[in-house]
Amino acid sequence: MEQTEDIRLMKGNEAMAEASIQAGADAYFGYPITPQSEVLEYLAREMPGRGGVVLQAESEVASINMVYGAAGAGARVWTSSSSPGFSLMQEGISYIAAAQLPCLLVNVNRGGPGLGTIQPSQGDYFQAVKGGGHGDYHLIVLAPNSVQEMADFVFLGFELADKYRNPVLMLSDGAIGQMMEKVVFHKRELKRIPKPWATTGKTPDRERSIITSLFIQPEKMEAVNLLLNKKYEEICKNEVRYEEIMTEDAEVLLVAYGLSARISHKTVQLAREKGIKAGLLRPITLYPFPYERLNKLADQVKCMMTLELNAGQMVEDVKLAVNGKVPVGHYGRQGGIIPSPEEVEENFEKFFKSVS
Amino acid sequence: MENNEIQTPDCLVENGETYDMVYERPHTLTGTRMHYCPGCGHSTAHKILAEVIEELGIQGDVVGIAPVGCSVFAYDYLNFDMQEAAHGRATAVATGVKRVLPDKYVFTYQGDGDLAAIGTAETIHCVNRGENIMIIFINNGVYGMTSGQMAPTSLAGMKTTTSPYGRDTKTMGHPIKVSELIAPLPGAFYVTRQAVHNAPAVRKTKKAITNGFKYQKLNKGISFIEIISNCPSNWKMTPLQTVEFLDNEMAKYYPLGDIKVPSAEDLK
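Those protein sequences? They're chains A and B, same order as listed.
According to my numbering, the first sequence is numbered sequentially starting from 5.
According to my numbering, the second sequence is numbered sequentially starting from 14.
FYI, nobody ran anything at the bench for these hints, they're computed from the structure.
Hints may be right or wrong, so weigh each one.
Claimed, not checked - With a straight-line Cα cutoff of 20 Å, these simulated EDC-like cross-link-like pairs (lysine to aspartate or glutamate) come out:
1) A:LYS224 / B:ASP89
2) A:LYS270 / A:GLU238
3) A:LYS224 / A:GLU346
4) A:LYS323 / A:GLU277
5) A:LYS224 / B:GLU18
6) B:LYS190 / B:ASP116
7) A:LYS278 / A:GLU346
8) A:LYS199 / B:ASP116
9) A:LYS195 / A:ASP30
Said to hold, decoys possible - Restraint-style ranges between C-beta atoms, simulated for each label pair:
10) B:THR182 / A:GLY118: 31 to 37 Å
11) A:GLU237 / B:TYR266: 51 to 57 Å
12) A:ASN229 / B:ASN17: 20 to 26 Å
13) B:ASN17 / A:LEU119: 29 to 35 Å
14) B:LEU25 / A:CYS240: 34 to 40 Å
15) B:GLY170 / A:PRO52: 37 to 43 Å
16) B:LYS220 / A:CYS240: 39 to 45 Å
17) B:GLY143 / A:SER63: 16 to 22 Å
18) A:GLU9 / B:GLY44: 30 to 36 Å
19) A:GLU226 / B:ARG216: 52 to 58 Å
20) A:ASN229 / B:ARG216: 42 to 48 Å
21) B:LYS220 / A:THR207: 44 to 50 Å
22) B:GLY44 / A:ASP140: 38 to 44 Å
To be verified - Computed footprint of chain B on chain A, listed as stretches where at least three residues anywhere in the stretch have a Cβ under 8 Å from a Cβ of chain B:
23) 60-66
24) 207-214
C-beta: ideal position from N, C-alpha, C; glycine also.
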């Protein structure tokens, strides 16, 4: 029988590097930064023998612009970094979004601000979903909560990027990037779509291809803005993804993504053991955000609390979704500290008792 | 709406006589009227570039990278595939293109602010990696598009809007000679400094750009072509005065000619 599954024990960073090769990535441009340097190391080792370009750039500023060039030339291309390095890429990301270049970006979030710490954090939520660079644009943001998802979202990320001609960001963190778990690589059929807009050399049968984000006339600029807005509406309509755990009869709801969602899953179990009807909603896409579903759940539960490894960022989107229907709270730890499910459960109880 | 297209007649009719066309604009120019000031070197440099691409017959195999600066609209005038890069990042963008399309001819077209100030790191590392691309470096010693601020290449004592009393090298640094800086790097295959202010200079620049494209096929590294260019608007001179200033002042500090040429052995 033909083997269709390939099961390995890997770090999240290695898993996404392997996934990118299997997803047919033509090129990776990167710069070392903890806690995601394994990506460049893995690809430097594996990619030359299996086809594809891997290049260590002189900075994140350069690597994101190499991504711009390669994506503009029609290649399936990606880069990864961690918070301070990802901040350096923001200029390029704004240009990539404006020029509508499909590519995959990964931020393995560490603690900040500034040089911060190399420990896991979710402090880059705002940067990921509210912009980061200048101008009106959005990335499609995927939030994996396991090594398996770090691999799976590479495939998904490339497909969504091509489908919408939009950069896709996988927002992970230092814990999921570094920890080892079982990961299954399924044999997949690669979806590739033609890119007639790419700069591959002007042949007589077509007009020249121009990749640009410069539209100096206000009317032309606004037309591009409207085109982008329309695309983002499409994305919001089609691509909202989330997971629900024990929400059917939930009276109190935790909302958490990525690593926090793993802790929250256990927190919900602990609460249930105490007879508290708790549930969890885990946004898988942070943009588009599951506003509608949370608004609906607000008709059912008494209150919601986010668990985030930050000072309270996603909680603003939950409040927007709930629109005042029920109280919304936040519990978070910062600095790279990961709270135990017991600690979260205790604070969850404290919160919903304070508002009921 | 203003018609921005230049019309090319099939023949010239004058005083009842019909003359055949013996020369016309290369088809690698789009025909869009250029926005450059009278006497500016950019339009001449564009035309040389377009002519070389047409003469080499490589229009279908060229990908150009435009910078931020006066030549930010270069892709409006050049009739082949192009990408517009962020300020200073053209050589990184070109690296991305060339690495995934190694059989194409890739070049960047950058000004001095773009290449020698904000893009210095990208420039040096692109050369150091010996990417098989051509960098065309337009040096007019001033920020043109933002209307005349001091550039890293502004001459000592040169008056600009941000050095209104003249460039004081004690506090504002010295004009940087990029060609001499990068020439010693092993990744630099061909480095030359030319100009476009008179007919012999134009011929030499054309030869240099032709070399730059031809050398890409050897896969031996960067061709770096610096072009000293006139900027009447921001030098506050008539076009004719800029020609004199270029010969007497610019070329004194930035001597024209080859800086690094491949040996016969290199060209094999």
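Broken hints, by number:
2, 3, 4, 6, 13, 14, 15, 16, 18, 19, 21, 22
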